[in-house]
Amino acid sequence: MLQTPSQTVGPYFAYGLTPEQYIYDFKSLVGNEMVNPIDYEEAITVTGKVFDGQGVVIPDAMIELWQNDGQNQLFGRFGTGTDAQNRFVFYTIKPAPVNGQAPYITAIIFMRGQQVHSYTRIYFSDEAELNSKDEVLNSVPDDRRHTLIAHKKGSTYEFNIYMQGDNETVFFDI
Amino acid sequence: MSQIIYNSFDREVHPPYLTPEYKSTVLRAPQKPLVLLKQSLSELTGPVFGNFNVGPLDNDLTKNTAKNGEPLGERIIVHGKVMNENGQPMPHTLIEIWQANAAGRYVHKVDQHEAPLDPNFLGAGRCITDAEGNYKFYTIKPGAYPWGNHYNAWRPNHIHFSLFGANITNRLVTQMYFQGDPLLQYDPVFLSVPPKGRDLLISKFDLSATEPSFALAYRFDFVLRGYKQTPFETL
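Respectively, the protein sequence lines represent chains U and L.
The first sequence: position 174 = 174 (the numbering used here), numbered continuously.
The second sequence: position 192 = 192 (the numbering used here), numbered continuously.
Among the clues, some could well be false.
[As the list claims (entries may be wrong)] Mimicking BS3-like on lysine-lysine, the simulated pairs with C-alpha atoms at most 30 Å apart in a straight line are:
1) U:133 with L:38
2) L:63 with U:27
3) U:49 with L:109
4) L:141 with L:67
5) L:136 with U:152
6) L:136 with L:204
It should be emphasised that the hints constitute simulated quantities derived from the structure, not laboratory data.
No experiment lies behind these values; they were computed from the predicted model shown.
Isolated chain L (complex conformation):
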């Protein structure tokens, strides 16, 4: 007999709660120590979700909210695989993404950056990984945009990702960046990740997945928490 113990959250690759260079963390980071939760009581009994009602165009951000034509900007493919630390593919994982448009403007009402909105691009999409854990989006390469964290602060090009698997330990919200972006070295959100983890947030140009005469492709794989099997303790 054995039981499954999910690996702990790897504090060596995840950012800490408090990174003062990213100013919003100062009043929002928990300050007291986290209380360790015995696993068998919670995440192993997490909800299991069947089918989210994902629409056929939901993974194509160039079409899913188009009003009267194609969105402006560089069409790209973003694809990859979701695995756990044991190397097993993670099928049926819901992936939701949101991003700025090619001009670096978010649709969100709070975004006041003076760059144009695109009537044919909301910037949101989602899909569910297939039996091998694979996913694929069509979208527009997001632009960089300024933010108020410090003087002349700009976020590098990025796409927000939310992953939602079969139990609570698989919940992940993160951001995907692009190789060679000169803004990465100045971005306190990216730099809050310990050096050991940073490269994991940078997608790789993928010529093999590029569709000729249509769109360049980037690959971005995910690794979610894995588990160990240990013998049941007998009392």
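Only chain U is shown next, with the shape it has when bound in the complex:
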């Protein structure tokens, strides 16, 4: 049997996949609070923008974050169309290292103009030692590794995604 082919999420996903975020009268199954930040002292914010090949911020991307460190299995979904700066914003906790790997969150990126979604990983700038020994990070060319590191500012980690260009984010074939 052949795999069912992928098609673009298109420009109009919001009322189906992220309805409450975009203020449609339909309940969201999942949002951007992977943990409730009020309940978790150690909660972090993961935020960023998605840029196209001309450096323009993409206002109609949808990002999903998946993370699992064996203790916490968390999932979040957010579109870039509601924030004033077209950022994605998630509230979560930093995953613990598993088997000596550096902690990371998997990001899946969907948008109009992408017929197949893209996978990347979000690593953390304050994990330099584990990052330097991480098998996956070390499988990425030296000059591109920085595209996978989210930068810490307080309890916020900033992670911008570049679809093309010199700083094109590393996307993985999973």
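Could you slot chain L onto chain U? The hints should help.
Just chain L now, kept in the frame of chain U:
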């Protein structure tokens, strides 16, 4: 002892990132080669989700957002089975759909097509596959609509589908089309799929699932990535 290796993404049936005929791909398609990820480190440890809180009417788009009556248009049933390449049914897969109304208008605020909205039809629904991988929606047949990709461009009738299974390799977003739609031959989104994969995106009229005096039925099955079992390598 053996380990499970998920089959790779089949580039012979999926569209490439860049298809210039679909203009939005030009500035959004990754240009550098993808980095192959060793599987055991990631998708096998993907999140496992229990119960999404899906409501009892969520799979009936003719009722789930109705305000004061039935939505306009041709009521249809869309149903099928989710399997993997090994032919095993995929239970507990979340399926979310969204679509235009019968007039070819999306509720989305960005859609400026001059066709009427329907107060009784949002066009969104979802369900979870049963123990045999089966799903079923009631909805309205979506209309075709114009878009700005090129002069006189129209999207064929279609329903957007999002599938969300137990690990990352099962994530799929796609579109379902209808048999015999004359717009398919002109649609760069559909045509970006290699010829070998195109027929897999076309639902089949299904008389056996039609409900007499109520709704015609279409069948649309999904095949997600399967796996191989290989012996553990011993060092």
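Hints and how they fare:
{"no.": "1", "hint": "U:133 with L:38", "verdict": "16 Å, holds"}
{"no.": "2", "hint": "L:63 with U:27", "verdict": "14 Å, holds"}
{"no.": "3", "hint": "U:49 with L:109", "verdict": "21 Å, holds"}
{"no.": "4", "hint": "L:141 with L:67", "verdict": "19 Å, holds"}
{"no.": "5", "hint": "L:136 with U:152", "verdict": "45 Å, violated"}
{"no.": "6", "hint": "L:136 with L:204", "verdict": "14 Å, holds"}
Against the hints set out earlier in the document, a violation occurs for number 5 only.
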